[in-house]
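Just so you know, the sequence shown maps onto residues 324 to 584 in our numbering.
Be aware that a few hints might be false.
Calculated pairs, BS3-like style, for lysine-lysine (alpha carbon to alpha carbon, straight line, at most 25 Å) [unchecked claim]: (1) Lys425 <-> Lys447; (2) Lys411 <-> Lys436; (3) Lys406 <-> Lys436; (4) Lys406 <-> Lys444; (5) Lys447 <-> Lys468; (6) Lys411 <-> Lys447; (7) Lys406 <-> Lys359; (8) Lys434 <-> Lys447; (9) Lys406 <-> Lys468; (10) Lys444 <-> Lys468.
Calculated directly from the structure, the hints in this document are not laboratory data.
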Amino acid sequence: MRRSASRKTGQPNSTSSANSLPTDIFRSASSKATSKELERIDNLFHSYANRSSGMIDPEGIETLCSDMEVDHTDVRILMLAWKMKAEKQGYFILEEWRRGLKALRADTINKLKKALPELEKEVKRPSTFLDFYSYAFRYCLTEEKQKSIDIESICELLDLVLGSQFHAQVDLFIQYLKDLNTGKKIGTGHRDGGLYYLDVKQSPTRALTSSSSSTFEWHCHLGHLSLSLLKRQVRNIGNVSSFPYAACQLSKHHRVFCTSS
324 MRRSASRKTG QPNSTSSANS LPTDIFRSAS SKATSKELER IDNLFHSYAN
374 RSSGMIDPEG IETLCSDMEV DHTDVRILML AWKMKAEKQG YFILEEWRRG
424 LKALRADTIN KLKKALPELE KEVKRPSTFL DFYSYAFRYC LTEEKQKSID
474 IESICELLDL VLGSQFHAQV DLFIQYLKDL NTGKKIGTGH RDGGLYYLDV
524 KQSPTRALTS SSSSTFEWHC HLGHLSLSLL KRQVRNIGNV SSFPYAACQL
574 SKHHRVFCTS S
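Let's have the full structure, built from the sequences with the hints guiding it.
See below:
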């Protein structure tokens, strides 16, 4: 009996082998499909890449934009760079290209073009937008060890990233930054407590005829700065506890930023 049992356990399990066969076939087919997809993604990359550098350079990106029928200054190109986690502005390497296109499930130019609307929706989600906004800033740091961006470039970036959602507010804030760039500062009026720009000659020019009781009015005028920042810039801002957040067009923004210290 023992010998018989031993012989039986040594025999292959035909049922187990039959069950594993479809799984093996599926895995093999899936692996081949993934390999083919990656091959198409690589071929698409090389159709835009510079042969000598092995990268997609600014000229290649312009050709890519033309094929997708998207302007090279369109914010969706920046979103595409974010999806790829591209490190150098104006350049895509193969690893970055693979990362982005695999995530978008795009192995042809038509699929990539069709993926842009969904990519735009993804970026605009509150849970994602902050990461994109931070990336956009880092992407503009083109020099080694660079930690800041000149006013002109940051104004262009703000308009590109935020302009479509908060056009009026971004315009005001950009004007504010440009005024600072020409040597102007924010100060309070010496006569009626109104807000003034002070140029390098310290001659006050009225920015907004507001007294300290109308904090809300020039808070919006300056691009919705946080109250803590306003306190530091303008000392007599009135009673902040009664600040009319609900009246502002960016009420959601206030709950996140303007109430922070």
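Here's how the hints hold up against the structure:
| no. | hint | result |
| --- | --- | --- |
| 1 | Lys425 <-> Lys447 | holds (21 Å) |
| 2 | Lys411 <-> Lys436 | holds (22 Å) |
| 3 | Lys406 <-> Lys436 | holds (14 Å) |
| 4 | Lys406 <-> Lys444 | holds (13 Å) |
| 5 | Lys447 <-> Lys468 | violated (29 Å) |
| 6 | Lys411 <-> Lys447 | holds (23 Å) |
| 7 | Lys406 <-> Lys359 | holds (22 Å) |
| 8 | Lys434 <-> Lys447 | holds (21 Å) |
| 9 | Lys406 <-> Lys468 | holds (23 Å) |
| 10 | Lys444 <-> Lys468 | violated (33 Å) |
In summary, the structure is inconsistent with hints 5, 10 from the numbered list given earlier, while agreeing with the others.
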